[in-house]
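Work out the full structure: start from the sequences and follow the hints.
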Amino acid sequence: MRISATVVALGSALALTLAALPAQAQKTLDAVKSKGFVQCGVNTGLAGFSQPDSKGEWKGLDVDLCRAVAAAVFGDATKVRFTPLTAQQRFTALQSGEIDLLSRNTTWTLSRDTSLGLNFAGVLYYDGQGFMVPKKLNVKSAKQLNGATVCVQPGTTTELNLADYFRANNMTFKPVVIEKLEEVTNAYFSGRCDVYTTDVSGLVSVRKSRAQNPADHVILPEVISKEPLGPVVRHGDDQWFDIVKWSLFAMLEAEELGLSSGTIDQMAGGKNPAVQRFVGTSGDLGKMLGLDPKWSYNIVKQVGNYGESFQRNLTPLGFDRGLNAQWTKGGLMYAPPMR
Amino acid sequence: MQVSLRDARFRALVFQLVALAAVVAGLAYLVSNTVTNLEARKIASGFGFLSREAGFAIGETTFIAYNAADSYLRALTVGLANTFRVALIGIALATIVGTVVGLARLSSNWLVSRLATLYVEVLRNVPLLVQLFFWYAIISENLPGPNAALRPLPGIFLSNRGIAVPTLVTESAHAWVLGAFVLGLLLAWRITVWARRRQARTGQQFHAFWTGLAVALGLPLLVFAGAGAPFQLQVPALAGFNFSGGATLTPEFAALLAGLTVYTASFIAEIVRAGVLAVQRGQFEAANALGLHRNLAMRLVVLPQALRVIVPPLTSQYLNLTKNSSLAVAIGFPDIVSIANTAINQTGQAIEGIAIIMAVYLTISLSISAFMNWYNRRIALVER
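Residue numbers (the numbering used here), protein chains in the order written: chain A, 1 to 339; chain B, 1 to 384.
Hints may contain errors.
[Unchecked claim] Here chain B is said to cover these stretches of chain A; the calculated rule only asks that three of the stretch's residues, wherever they fall, bring their Cβ under 8 Å from a Cβ of chain B:
no., segment
1, 68-81
2, 90-96
3, 231-237
4, 280-286
[What the hints assert, rightly or not] Per the computed footprint, the stretches of chain B lying under chain A, defined by three or more beta-carbons under 8 Å from a beta-carbon of chain A, are:
no., segment
5, 36-42
6, 140-147
7, 268-279
What the hints contain is simulated information worked out from the structure, not anything from laboratory work.
What you are looking at is a predicted structure, and each value in this text was computed from that prediction instead of being measured.
We put the CB at the ideal spot given by N, CA and C, even for glycine.
Below you can see the structure in the form of structure tokens.
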């Protein structure tokens, strides 16, 4: 008995010493700078948001945000590495520190913002959940889907909205829940499911990039939820949170000011004080963030403004600006003042 | 006791204490570090989420009713029941297929033994995950939609929604039939015991097997006929998007069961073959010399000895099959891992979720081991 008591005392003393060591004292910005690149979590392959092109280079709106953060931190948009993640892996990857930033069409919700230990750094794309069905089923409304088999990815807000919607409308459905985007869309296109549901942007992208004949599939008019998609960082590192948030706002602000990758050099010499603050010739916005004065200039010069990124990645797939237009043009995109 | 490091016993004690302290300290560090980090990042912890509403739907359930308004605990129970269903049926089928293939490899028929060899070599050398995708693709891509479902037999529909089969409309008489069947089984067992004792006492043989079979099947049949043979089927019918009525075997379950069965059977086949080959030929010849019939020699002499070799490795195959059922997540069958993963993602409580998965598999595996160890002891050589 004496011996075991000694052992326990010894063990707990040792444990206390070890536990007193700081768990994760290092700031994300310092860690990113010392390793020399931003590790960014993205989708495994959603055309327009994040997908490698034929040369293996990642392309898309989500990917451009990762590059913008790299441009802000390093003055070099190429200093970023991508980690493709499924819907189920994404939060664990961020929580565990495997990635510095999650930019993977992730919906901002209260529970994710609080109990998952995450912070949403704004909205990159305003979306809503929809349904896609084969045209030959002759379905005109989601209200006609009673009894349908629905393909859906697990661990998403989509999965919850789907159950909510059918419950609210007194309808039943059979879910087929598959983790990988490739597998779940295969299941839909092979006819295993009557319906595929995800955010409307995802439906448009999948229909355009994966359907044998996109015209054979219709997206139903009902949009059953709000899905504000945005970049996510870990709780508890306010500086890194600010950097990601303002990298996104810089892309929006640049569009509003009319600064694009082509015009920024020419306009930087002008007299507009807002532009001068933006490119870093006056004020010290960069210093406040702990970054180079030319951080926002680098974002626009190397990645482009929000409108350019949208034009490059989403317009070719048939996306309208819609809710994602600038607030001055009837949309919801609104950057707080950069001063 | 002399306290000196030169004393071997004292030294051993010190080393053990140091090792124990290191393990305890390591564990304490892991736990405290986890708790500190979770708190620092404001990540919720604890098992409180189990009573919250799950909010997501589950494609198929086994015996347990579930809807999206039920709790996470119930969702996990549904997953567990699904795991049990596929594991139990898989173990039974893999044992049968494995035994048949294993004996076929020993067959003197050239074609049969070569086919069995081909089966074993191909199936045990292709990764299970690939096989699952193969079965799933075969079912979901090759079968027609529910509108053009195949009808191999009247009332049975084969489509990419699964196999829809008729079910019996249950009535109270069916419970009596089931009761009569159980009673019949008990009687058959008594007859077997009585016949064995009588043979030991008098040497007279009695066809206990056939008598028992007649009793076990005849009794429920009599009750069934006596109750007026109530037999009404609920045939599945296409209604809207899918079949309603009857029962459906989903493509996900079918693919998982097929994959697990044929893969594990290829290993079991080798175990069975090894077991039979391990019994020396002399044993068979000796049994023949004693005048035992070929079947009796197999049942009374060869098989008991072969089982001793077969059962321990068979246990690991059963454990493998159960654990491999977690690959269900790849083809969308809602087993415990799939449900727990979803719960982890919706609540963000990865540590608790993984702990639940580990506890479940540990419990299942230890139970299977315990049962098989008991069975192994029962058939083991009794040394006097």
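Hint-by-hint comparison with the structure:
1. Look at the segment 68-81 of chain A against chain B: 0 of its residues bring a Cβ nearer than 8 Å to a Cβ of that chain, fewer than three, so the hint is violated.
2. Closer than 8 Å: that is the beta-carbon criterion, and the segment 90-96 of chain A has 3 residues meeting it against chain B, so the requirement of 3 holds.
3. For the segment 231-237 of chain A, the stated coverage by chain B holds: 3 residues have a C-beta nearer than 8 Å to a C-beta of that chain, and at least 3 were required.
4. Given a C-beta distance limit of less than 8 Å, the hint that chain B covers the segment 280-286 of chain A is violated, as 0 residues qualify and 3 are needed.
5. Check result for the segment 36-42 of chain B against chain A: holds, 6 residues qualifying (beta carbon to beta carbon below 8 Å, three or more required).
6. For the segment 140-147 of chain B, the assignment as covered by chain A holds, since 3 residues bring a beta-carbon within under 8 Å of that chain's beta-carbons and 3 suffice.
7. Under a criterion of three residues with beta carbons nearer than 8 Å to beta carbons of chain A, the stated coverage of the segment 268-279 of chain B fails, only 0 such residues being counted.
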